[in-house]
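> We have chain A already, so just place chain B on it with the hints.
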Amino acid sequence: MSLSRRDFLKYAGSTGAGVAVGTAALDLKPVQAAATTLKLKEAKVHSGVCPYCAVGCIQLVYSKGDKIIDIEGHPDTPHTLGRLCPKGAATIQLSNNPLRPTKAMYRAPGSDKWEEKPLDWMYEQIAKRYYDAREKYFVEKEKNKDGQDVVVNRLDAIASLGSACIDNEECYLLSKLNRTLGIVYHEHQARV
Amino acid sequence: MTTNLIDIQNSDVIMATSNFAENHPVGFQWVMKAKERGAKFIHVDPRFTRTSAVADVHVPLRSGTNIAFFGGLISYAIQNDLYFKDYVVHYTNASFLIDPAFKTATDGGGLFTGLEQTGKGGVDPHVATTYKKDTWKYQLDGEGNPKRDLTLRDPNSVFQLMKRHYSRYTPEMVERVCGIPKEKFVQVAKLFCENSGPEKTGSITYALNLTQHTNGVQNIRALCMLQTLLGNIGRPGGGVVALRGHANVQGATDLELLYHELPGYLPMPLRDAHPDLKTWLDKETPKGGFWVNRPKFMVSLLKAWFEDRATAENEYGYQWLPKRASADAYSHQHMFVDMYKGIIKGFLSDGQNPAVGGPNAKLARAALGKLEWLVVKDIFLTETAEFWKAPGISAKDIKTEVFFLPAAPAAEKDGSLTNTMRLIQWHEKAVNPPGDVTSDAEFFVSLAKRLQKLYAGSKKDRDQGFLATKWEYGDNPKEPNMELVLKEVNGYATQEITDKDGKVVYKKGQALNSFAHMTDDGKTAGGCWIYTGVTVEGPDGKLINKANLRKPADDKDYLAHGWGFAWPANRRILYNRASADLQGKPWSEKKKLIWWDPEAPGQEPEKKGKWVGLDVPDFNAFLAPDAKNGDKPFIMRADLVAAFFGPLNDGPFPEHYEPVESPTKNLLSKQQMNPVAKIWNVPDQKNDLVPLGSPDYPYVVTTYRLTEHHLSGVMSRYLPMLAELFHSHFAEISNELAAELGIKNGERVTVVTPRGKVHVTAMVTHRLKPFMIDGKKTHQIGIPWHWGYNGISKGDITNDLSATVGDPTVYIQETKAFLCNVKKGEV
Chain A
1 MSLSRRDFLK YAGSTGAGVA VGTAALDLKP VQAAATTLKL KEAKVHSGVC
51 PYCAVGCIQL VYSKGDKIID IEGHPDTPHT LGRLCPKGAA TIQLSNNPLR
101 PTKAMYRAPG SDKWEEKPLD WMYEQIAKRY YDAREKYFVE KEKNKDGQDV
151 VVNRLDAIAS LGSACIDNEE CYLLSKLNRT LGIVYHEHQA RV
Chain B
193 MTTNLIDIQN SDVIMATSNF AENHPVGFQW VMKAKERGAK FIHVDPRFTR
243 TSAVADVHVP LRSGTNIAFF GGLISYAIQN DLYFKDYVVH YTNASFLIDP
293 AFKTATDGGG LFTGLEQTGK GGVDPHVATT YKKDTWKYQL DGEGNPKRDL
343 TLRDPNSVFQ LMKRHYSRYT PEMVERVCGI PKEKFVQVAK LFCENSGPEK
393 TGSITYALNL TQHTNGVQNI RALCMLQTLL GNIGRPGGGV VALRGHANVQ
443 GATDLELLYH ELPGYLPMPL RDAHPDLKTW LDKETPKGGF WVNRPKFMVS
493 LLKAWFEDRA TAENEYGYQW LPKRASADAY SHQHMFVDMY KGIIKGFLSD
543 GQNPAVGGPN AKLARAALGK LEWLVVKDIF LTETAEFWKA PGISAKDIKT
593 EVFFLPAAPA AEKDGSLTNT MRLIQWHEKA VNPPGDVTSD AEFFVSLAKR
643 LQKLYAGSKK DRDQGFLATK WEYGDNPKEP NMELVLKEVN GYATQEITDK
693 DGKVVYKKGQ ALNSFAHMTD DGKTAGGCWI YTGVTVEGPD GKLINKANLR
743 KPADDKDYLA HGWGFAWPAN RRILYNRASA DLQGKPWSEK KKLIWWDPEA
793 PGQEPEKKGK WVGLDVPDFN AFLAPDAKNG DKPFIMRADL VAAFFGPLND
843 GPFPEHYEPV ESPTKNLLSK QQMNPVAKIW NVPDQKNDLV PLGSPDYPYV
893 VTTYRLTEHH LSGVMSRYLP MLAELFHSHF AEISNELAAE LGIKNGERVT
943 VVTPRGKVHV TAMVTHRLKP FMIDGKKTHQ IGIPWHWGYN GISKGDITND
993 LSATVGDPTV YIQETKAFLC NVKKGEV
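Residue numbers (the working numbering), protein chains in the order written: chain A, 1 to 192; chain B, 193 to 1019.
There could be a bad hint or two in this list.
As the list claims (entries may be wrong) - Subject to a maximum C-alpha distance of 27 Å in a straight line, what follows is the list of computed DSSO-like cross-link-like pairs (lysine-lysine): (1) B:K670 to A:K64; (2) A:K44 to A:K67; (3) A:K145 to B:K325; (4) A:K128 to B:K652; (5) B:K949 to B:K969; (6) B:K533 to A:K128; (7) A:K103 to B:K382; (8) A:K143 to B:K475; (9) A:K136 to B:K734; (10) B:K355 to B:K382; (11) B:K734 to B:K662.
Stated by the list, open to error - Cβ pair distances, simulated, as ranges: (12) A:K113 to B:P731: 54 to 64 Å; (13) A:K141 to B:E505: 13 to 23 Å; (14) B:K662 to A:K141: 25 to 35 Å; (15) A:D66 to B:G733: 28 to 38 Å.
Stated by the list, open to error - Among chain A residues calculated to face chain B with C-beta under 8 Å, some are: (16) L40; (17) E42; (18) G48; (19) D70; (20) D76; (21) P86; (22) A108; (23) E115; (24) K145; (25) G147; (26) N168; (27) H186.
Worth flagging that the hints you see were computed from the coordinates, not collected in a lab. Backbone N, C-alpha and C define an ideal beta-carbon position, used for all residues, glycine too.
This is chain A alone, in the form it adopts within the complex (with noise of 0.2 Å):
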């Protein structure tokens, strides 16, 4: 038996009032119980943070095999409780979610449709694209306010933005990435 979202508003709501009032009319412990020792029975726990607002509720991530199976606060950390918001409690469908592109796809230029390609393929374009621009935009040197030539080893072509959603270790390899290649239009969300 495992209880899903829609049986358990059902079971919850049964007092015709819905979650909210029947929270106060009803034990739902039993219910959370069974839910959770049911369903996580033999998962695997991991150690989540949740992907939101900059709160930072860390999750627990059960997993079975490739196949992220609940995620829930974690009952334990200091700054949330464990709690988590509508947001966080649907992180799940992050992963869990048929409309989610699993193929790195292409677009010609004025197609009106994508393509799926071989991920080797697009790096590969996509690396050449980079070196295009580099090779044909790089500015070594360029006048100062007096007259004078200044370095300034300069890639205007070519713009990054994102992302205040990725990892910090990501952050810091886009930075070392796009600052050692030259690139000046490097933004993220703070900004905006």
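Chain B alone, transformed into the frame defined by chain A:
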């Protein structure tokens, strides 16, 4: 954030200026906890929300008038002697004397001394101007130290200038400008000021409500000045609570995905100011304060990137960094204007959706169509990835090549995120991502390696920096080891480091324990000095990842120092030396945090005395209160004191100006708008603005967010659970405005500005009320911005309404206050 969410429970008064309960619901529990303990809660917001519903007082204020409100509070605290005198005299620059030639906006018709015209601006009647700051400085004594008057009576003291500057910000003026009835303002001022002082503390929370304005930075300064005046910084229950909107907007800022800096808040070189490393170090290293260490952090960063190729002889590779042509360039808004003009050819949009989420989104989408190529990496197909499918667009006319790479969410990869209280927390990979989905790290490393192959053998000097960078993180090329990346960020010894007795302190390659161990001679490398200490070597030689520590709070450690790692140095409340008085004793027993223990073992065996308490001292732990600078808590400032007088591009004190688009003339001075606001001149009528007094666009509009959706909607509109909870786009319209326009609740309406229009459902509500501004009824509407043309729940793009205008210091847009019209039906 200077403080910690947990610590909000210790506040005696909390003033939320954003919709805390709905936008950061889980953090909001600490406000409720404080209320249970007797705290008063004030909510300042144009709209009545679920935050207002639990407030002791809700204060609706017209969008765009925050400085008038904070200025009123500053003035009230000064005029009624409610500020924290000892704190202000000793821990701030209130006593410092300013150049007598400087005049505040009170004596300058709304302008400070030094405004100069620099050429004609983009938009009539705005003329480009800039401030010459040569009088915005301290008077110095014979030894070059600022002159001070500890009585605060000198007319040129910062305190007296501040008092004079804000003397115009009376309760009557606040009523006229903000639309807050005078009695309500006085009630709030009393409540907030009387709950601050030696025995009590108050906190103020903010989010984008204060930042998205053409005086966004000054809004934050005004808030900080009020908190400093009341002695609310560095103390339990005090602080500035910055509520950030993305899981890693703090971390992405620290690691500096921003045009103007390098990781760890190091200024990005400018062509004219910083031709070489020596000049950069000379100009960017102040004479006092903790930033005297900046050369160590810069050289360590260069070593982290260019490794063995970074040497003293080649300025540690400094010349391989790009130099900016100007400080007024490359920001988000500059980027899309320049993209539209064809300057930018290729674009990577990684985990960001500017086609919906940025200002003037119609301009952004038009700009994407001018690109040669676009790469998007995201979890779902964003409107940016599919801009060529936007309604009304003919795909065959769009020549941009688009590459879409599916991305893995946090649960499918290892890595750390830094939350709004500077807390770095690790997440573990729970499952492999499906299909061709990879982490962003995998993409960056793969791209870098392929590019290095293309550049292999290049003899050009300009390529040598990039070729020097290393991209091997562990043995699995398909999955770079994020703990090794974190170690590079943390910093390590590039060679064996010994102490003066020859004892090995660090082996070659060993992770650094503290940024205090960084050097400017190439012996240490480190990608972001403020993160040092997040990962250290354990006794068994293995890395300890402190971001993954999970020791809960307990009675002895309410701030939970064993849970994750907060930068810098695991300090949970910044500037906490200010929680103690000059002699190092807590200002009050109730508000103690750290204090000087003269009997504690000192730094050396024969010495005694140490800062101890409930937090890691944000101070030299062994610097006695009576030692030189032992009584100066604001260690990041060159003069070690908090700054009321702090020169920004638009003035040393925040001054109220109207938003670029405003329903009223400025009632405070004859200067209508921020004289140095950034207004872009965009071709093809892509950025037309509403002139003052226009009958065509009479209503104020503010944009905002909902609990059930996330920002531009990529991570919520595709999720059935969330799309179901809030399924369609709407605008909140007051009963009064709806009656005037004949609009019923649930009807379709059109919201229009010179930039664009949206069709949405009218939510006619009591939660918004018209403001009385100088006796005139002024309507304001509210509209969320989560929708776009993709996903399960679709809707028009709110940012098609907003304009390309910006704050003069950081160039953030003004999406919290601009003008619109509302029309019945879809027109």
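> Please go over all the hints and tell whether each is borne out by the structure.
Quick rundown of the hints versus the structure:
| no. | hint | in the structure |
| --- | --- | --- |
| 1 | B:K670 to A:K64 | 23 Å, holds |
| 2 | A:K44 to A:K67 | 10 Å, holds |
| 3 | A:K145 to B:K325 | 20 Å, holds |
| 4 | A:K128 to B:K652 | 18 Å, holds |
| 5 | B:K949 to B:K969 | 24 Å, holds |
| 6 | B:K533 to A:K128 | 24 Å, holds |
| 7 | A:K103 to B:K382 | 60 Å, violated |
| 8 | A:K143 to B:K475 | 20 Å, holds |
| 9 | A:K136 to B:K734 | 46 Å, violated |
| 10 | B:K355 to B:K382 | 18 Å, holds |
| 11 | B:K734 to B:K662 | 22 Å, holds |
| 12 | A:K113 to B:P731: 54 to 64 Å | 59 Å, holds |
| 13 | A:K141 to B:E505: 13 to 23 Å | 21 Å, holds |
| 14 | B:K662 to A:K141: 25 to 35 Å | 27 Å, holds |
| 15 | A:D66 to B:G733: 28 to 38 Å | 33 Å, holds |
| 16 | L40 | 13 Å, violated |
| 17 | E42 | 15 Å, violated |
| 18 | G48 | 5 Å, holds |
| 19 | D70 | 10 Å, violated |
| 20 | D76 | 4 Å, holds |
| 21 | P86 | 5 Å, holds |
| 22 | A108 | 7 Å, holds |
| 23 | E115 | 10 Å, violated |
| 24 | K145 | 5 Å, holds |
| 25 | G147 | 11 Å, violated |
| 26 | N168 | 4 Å, holds |
| 27 | H186 | 5 Å, holds |
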